[in-house]
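Chains A and B, in that order, give the protein sequences. First residue of the first sequence? That's 1 in the numbering used here, and the numbers climb one at a time after it. First residue of the second sequence? That's 227 in the numbering used here, and the numbers climb one at a time after it.
Mixed in with the good hints, there may be bad ones.
[Said to hold, decoys possible] To list a few chain A residues with every Cβ distance to chain B over 12 Å, as calculated:
#, residue
1, Val-9
2, Ile-10
3, Val-12
4, Lys-13
5, Glu-18
6, Leu-19
7, Glu-52
8, Ile-60
9, Cys-82
10, Ile-87
11, Pro-90
12, His-126
13, Lys-203
14, Val-225
15, Gly-226
[Claimed, not checked] Ranges between beta-carbon positions, derived for each pair:
#, chain 1, residue 1, chain 2, residue 2, range
16, B, Ala-296, A, Glu-163, 30 to 36 Å
17, B, Gly-345, A, Thr-42, 34 to 40 Å
18, B, Glu-347, A, Val-106, 18 to 24 Å
19, B, Val-445, A, Lys-160, 38 to 44 Å
20, B, Arg-300, A, Val-215, 56 to 62 Å
21, B, Pro-243, A, Arg-5, 48 to 54 Å
22, B, Gly-438, A, Lys-22, 24 to 30 Å
23, A, Leu-113, B, Arg-417, 33 to 39 Å
24, B, Ala-405, A, Lys-160, 39 to 45 Å
25, A, Asn-26, B, Leu-353, 37 to 43 Å
26, A, Ala-192, B, Gly-329, 50 to 56 Å
27, B, Arg-390, A, Gly-226, 32 to 38 Å
28, B, Gly-265, A, Val-215, 20 to 26 Å
29, A, Leu-38, B, Glu-347, 48 to 54 Å
Since the hints were derived computationally from the structure, they do not count as laboratory data. Beta carbons are placed, not taken as given, at the ideal position from N, Cα and C, and that holds for glycine.
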Amino acid sequence: MRYVRQIGVIMVKDLRAELRTKEALNASLAFALMILLLFSYTFDPTQEMMREISGGLLWIVFAFAGTLTLNRSFARELPNDCLDALIAAPIPASALFLGKCFASFVLVLAVELVSLPVFGIFYNVHWTAQLPELILVLLLGTWALTVIGTIFSALTVNIKLREVMLPMLTYPVLMPALMSAMRITTVLVNGAPIGADELDWLKMLIGFDVIFTAVSLALIETVLVG
Amino acid sequence: MSAVAVEGVWKYYGDYPALRDVRVEAAPGTCLALIGRNGAGKTTLLRIIAGFSTAQRGKIKIWGKEPREAETRRQLGFLGHGISVYDELSALENLTLFGKLYGLPDPRKSAHEWLERTGLERVRNGLVREFSRGMRQRLAVARAFLHDPSVLLLDEPFTALDDRAIAVLQRLLREALAAGKTIVMSTHQLREALELASHVALLSRGQLAFHGARTPEMVDDPGYVYARYGEGG
């Protein structure tokens, strides 16, 4: 119970700090909407084209916009050496990690939920056709993005070029999860039935989440303290 | 049992040995002043003692236990170069946050008490980013003392403090010593430190040059330790 409370304390602290400044949230949201808008006006995609690329487009936008939020996850602790105080506190590093993951998860998900209706309007896609399934994929894909982004955010927090390093490290590792999410999302937003292929992709996404969450939890103490 | 024991610690940054076989200890209720020139390894040693970094060789024991054990961390209070409080939160929110992380029975009550003791109760709901430098420093002191640690690790605690913050910190440190707490502080401000210290450790290029009780000569002439054991006055 104490462990859950510690995770909650870190999560609420991060969300409160972010909602006061809105640095990451505004940047992430503006970026996501801008890409969706620009893509729509530049390529003027046809209905057929959208059927092909909808999942890919959405997840590329989510991944790029999400990185802007995830960059701040541990970088937020740098001013005033706040990370020292968190490391010194008698809480497990895994609780600190999960607290930060959940805070970033909420922020990234918020950006996604705002982006989806915009996507639907500009690309004339009825994305609500299979909403519960789509939400499940959003949750799983966003968790994958958050876990990988947060562990690399911790790893790169003391590097000067961390804004560059984070995406360079995150995207290659995230590739299997992104591919799964893209493939399933494409099917879901087109209102097509879910087949055996999609179920396999879904299993891979769940497996990715479980494995990388476990690996990150095992490594975080070493990443933070060395 | 020593409150803090550093047993043959080595730390390398790349090939450079920042600490070389350092052995110091602080008995319960004593104040150890860790002195040395810039780059001597004081901050590195304090960070290893605090558990922020690990030694390549050697051991650190706080009350006989590893620094990274949760029970040990509950016993440690660290005041470093940064103030380690959040600009986006209020003074009360900051202290309540750390009170919760340290598992205090009533974090909010403890936060109010320490805001009172450091003269910040009036501005408890103000965001830290709106605070003056002196107020931020006093809040940092409150954060380090909030959970009533038995061992205080202070890295250059008097540097850049205003008069009021120095007075607050000196009073709190004297009270802590009187209450039997152990203090290890690295400092360049020899006069302030030697007034408080019961023991002195001089680091020179990562090696321990002197470790022993503070003598009256050291208080009379703060440069004495450097001249006698170190790298000249």
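Hints versus structure:
1. Val-9: violated, 5 Å
2. Ile-10: violated, 8 Å
3. Val-12: Its Cβ does come within 12 Å of chain B, the nearest being 9 Å, so this is violated.
4. Lys-13: It is violated; Lys-13 of chain A is separated from chain B by about 6 Å at its closest Cβ, not greater than 12 Å.
5. Glu-18: Glu-18 of chain A is in fact no farther than 12 Å from some Cβ atom of chain B, at 8 Å.
6. Leu-19: Since the minimum Cβ distance to chain B is about 9 Å, Leu-19 of chain A lies within 12 Å and the statement is violated.
7. Glu-52: Given that every Cβ of chain B is farther than 12 Å from that of Glu-52 of chain A, nearest at about 43 Å, it holds.
8. Ile-60: holds, 31 Å
9. Cys-82: Incorrect as stated: the minimum Cβ-Cβ distance to chain B is 5 Å, not above 12 Å.
10. Ile-87: violated, 6 Å
11. Pro-90: Non-interface label on Pro-90 of chain A violated, nearest chain B Cβ at 4 Å vs cutoff 12 Å.
12. His-126: Holds, since 40 Å exceeds 12 Å.
13. Lys-203: Fine: 37 Å to the nearest Cβ keeps Lys-203 of chain A off the interface.
14. Val-225: violated, 6 Å
15. Gly-226: violated, 5 Å
16. B:Ala-296 / A:Glu-163: 30 to 36 Å: holds, 33 Å
17. B:Gly-345 / A:Thr-42: 34 to 40 Å: Cβ of Gly-345 of chain B to Cβ of Thr-42 of chain A: about 59 Å, so the range 34 to 40 Å is violated.
18. B:Glu-347 / A:Val-106: 18 to 24 Å: violated, 33 Å
19. B:Val-445 / A:Lys-160: 38 to 44 Å: Roughly 43 Å apart at Cβ, these two residues keep to the hinted range, so it holds.
20. B:Arg-300 / A:Val-215: 56 to 62 Å: violated, 28 Å
21. B:Pro-243 / A:Arg-5: 48 to 54 Å: violated, 42 Å
22. B:Gly-438 / A:Lys-22: 24 to 30 Å: violated, 55 Å
23. A:Leu-113 / B:Arg-417: 33 to 39 Å: violated, 60 Å
24. B:Ala-405 / A:Lys-160: 39 to 45 Å: holds, 43 Å
25. A:Asn-26 / B:Leu-353: 37 to 43 Å: violated, 19 Å
26. A:Ala-192 / B:Gly-329: 50 to 56 Å: Holds: the Cβ-Cβ distance is about 52 Å, inside 50 to 56 Å.
27. B:Arg-390 / A:Gly-226: 32 to 38 Å: holds, 37 Å
28. B:Gly-265 / A:Val-215: 20 to 26 Å: Hint violated: Cβ distance 37 Å, outside 20 to 26 Å.
29. A:Leu-38 / B:Glu-347: 48 to 54 Å: With Cβ atoms ~52 Å apart, the hint holds.
The structure fails hints 1, 2, 3, 4, 5, 6, 9, 10, 11, 14, 15, 17, 18, 20, 21, 22, 23, 25 and 28 (numbered hints given earlier, in ascending order).
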